[in-house]
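Enquirer: Here the structure of chain A is known, so what remains is to put chain B in place on it, guided by the hints.
As a plain string of letters, each chain reads:
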Amino acid sequence: DAEITQSPRHKITETGRQVTLACHQTWNHNNMFWYRQDLGHGLRLIHYSYGVQDTNKGEVSDGYSVSRSNTEDLPLTLESAASSQTSVYFCASSESGSLNTGELFFGEGSRLTVL
Amino acid sequence: DAKTTQPTSMDCAEGRAANLPCNHSTISGNEYVYWYRQIHSQGPQYIIHGLKNNETNEMASLIITEDRKSSTLILPHATLRDTAVYYCIVRVARSGGSNYKLTFGKGTLLTVNP
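Going line by line, the protein sequences match chains A and B.
Numbering-wise (the numbering used here), the first sequence opens with residue 1 and increments by one.
Numbering-wise (the numbering used here), the second sequence opens with residue 116 and increments by one.
Here chain A stands alone, though its shape is the one from the complex (with noise of 0.2 Å):
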């Protein structure tokens, strides 16, 4: 069966050291988003890409990199982790053009720990 995969699942890292998270999902999808889900926050966007090559900043993008070189992943990389983006990282995938309908595909989740 296709599925979206996330990993590490958990990760504890140090401040000021590059992670990366990885986003991979079998379904052909064009788009693929990433999101971090925070307490008394929600989930909020931060960057997103609808094909290859193609990245676009979300909402709460400073301080995270993407890069699209295939279809199937979607690394979000931080380049200096910070205290503050100790939180659980969703990526998702949907169809675009007139296969969309608005229905995203989640993976379950990384959870983050900066120290």
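What the hints contain is simulated information worked out from the structure, not anything from laboratory work.
Incorrect hints may have been included.
[Unchecked claim] Capping the alpha-carbon separation at 27 Å, the derived lysine-lysine pairs in DSSO-like fashion look like this:
#1 A:LYS11 - A:LYS57
#2 B:LYS221 - A:LYS11
#3 B:LYS184 - B:LYS118
#4 B:LYS216 - A:LYS57
#5 B:LYS118 - B:LYS167
#6 A:LYS57 - B:LYS221
#7 B:LYS216 - B:LYS118
#8 B:LYS184 - B:LYS221
#9 B:LYS167 - B:LYS216
#10 A:LYS57 - B:LYS118
#11 B:LYS184 - B:LYS167
#12 B:LYS118 - B:LYS221
[Claimed, not checked] Here are some of the chain A residues that sit facing chain B, going by a computed Cβ distance under 7 Å:
#13 GLY42
#14 GLU103
#15 PHE106
#16 GLY109
[Unchecked claim] Coverage of chain B stretches by chain A, computed from C-beta distances (three or more under 8 Å per stretch; other residues unrestricted):
#17 156-170
#18 217-227
Note that beta-carbon positions come from the ideal geometry of N, C-alpha and C, so glycine has one too.
Expert: Chain B only, in chain A's frame:
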């Protein structure tokens, strides 16, 4: 995208119907109403969406008022596993490549009690 308003929390007895309201008074004619839910520590899950007609699937029913300014998600026979945060989102369904994003609010925490 239109803004939505949901109660912060609701309770429901197991086996009874859970009716979750959502106000979206600024909804535009081409915007759909979507419902997602998030069970604790899991990724959000799509439930249902609709434009103006009532919709039903294996998970839930969606009732949209005639003026489309509000809607209700109905879980007909709530179980303990339905305890989750439920998000009501309004967005254009097929945007032709311009906007596929979904903006999540804080949702309603539904607690199903035994």
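Enquirer: If a hint holds in the structure, say so; if it doesn't, say that too.
Expert: Hint check results:
1. The hinted pair formed by LYS11 (chain A) and LYS57 (chain A) meets the criterion: a straight-line CA distance of about 24 Å does not exceed 27 Å.
2. Between LYS221 (chain B) and LYS11 (chain A) the alpha-carbon distance is near 25 Å, which keeps this suggested pair within the 27 Å criterion.
3. Distance check on the hinted pair: LYS184 (chain B) and LYS118 (chain B) sit about 11 Å apart at the alpha-carbon level, within 27 Å; holds.
4. Between the alpha carbons of LYS216 (chain B) and LYS57 (chain A) the distance comes to roughly 11 Å, so the proposed pair stays at or under 27 Å and holds.
5. Taking the CA atoms of LYS118 (chain B) and LYS167 (chain B), the gap is near 17 Å; set against the 27 Å cutoff, the hint holds.
6. Restraint check: the Cα-Cα separation between LYS57 (chain A) and LYS221 (chain B) comes to about 21 Å, which is no more than 27 Å; the hinted pair holds.
7. A threshold of 27 Å between alpha carbons decides the hint, and for LYS216 (chain B) with LYS118 (chain B) the separation of about 14 Å falls inside it, so the pair holds.
8. A threshold of 27 Å between alpha carbons decides the hint, and for LYS184 (chain B) with LYS221 (chain B) the separation of about 19 Å falls inside it, so the pair holds.
9. For the hint pairing LYS167 (chain B) with LYS216 (chain B), the CA-to-CA distance comes to about 21 Å; that is within 27 Å, so the pair holds.
10. Under the criterion of a C-alpha separation no larger than 27 Å, the hint pairing LYS57 (chain A) with LYS118 (chain B) is consistent with the structure, at around 21 Å.
11. Note on LYS184 (chain B) and LYS167 (chain B): the hinted pairing holds, with a Cα-Cα distance of about 10 Å set against a maximum of 27 Å.
12. With a CA separation close to 12 Å, the supplied pair LYS118 (chain B) and LYS221 (chain B) stays within the 27 Å bound.
13. Taking 7 Å as the C-beta cut-off, the interface hint given for GLY42 (chain A) holds, the closest approach to chain B being about 5 Å.
14. The closest approach between the C-beta of GLU103 (chain A) and any C-beta of chain B is roughly 5 Å, which is under the 7 Å cut-off, so the hint is satisfied.
15. Evaluation of the PHE106 (chain A) hint against chain B yields a held restraint, the C-beta minimum of about 3 Å falling below 7 Å.
16. Residue-level restraint check for GLY109 (chain A) holds (minimum Cβ-Cβ distance to chain B is 6 Å; threshold 7 Å).
17. For the segment 156-170 of chain B, the stated coverage by chain A holds: 7 residues have a C-beta nearer than 8 Å to a C-beta of that chain, and at least 3 were required.
18. Interface restraint, the segment 217-227 of chain B with chain A: holds (6 residues with C-beta to C-beta distance below 8 Å; minimum three).
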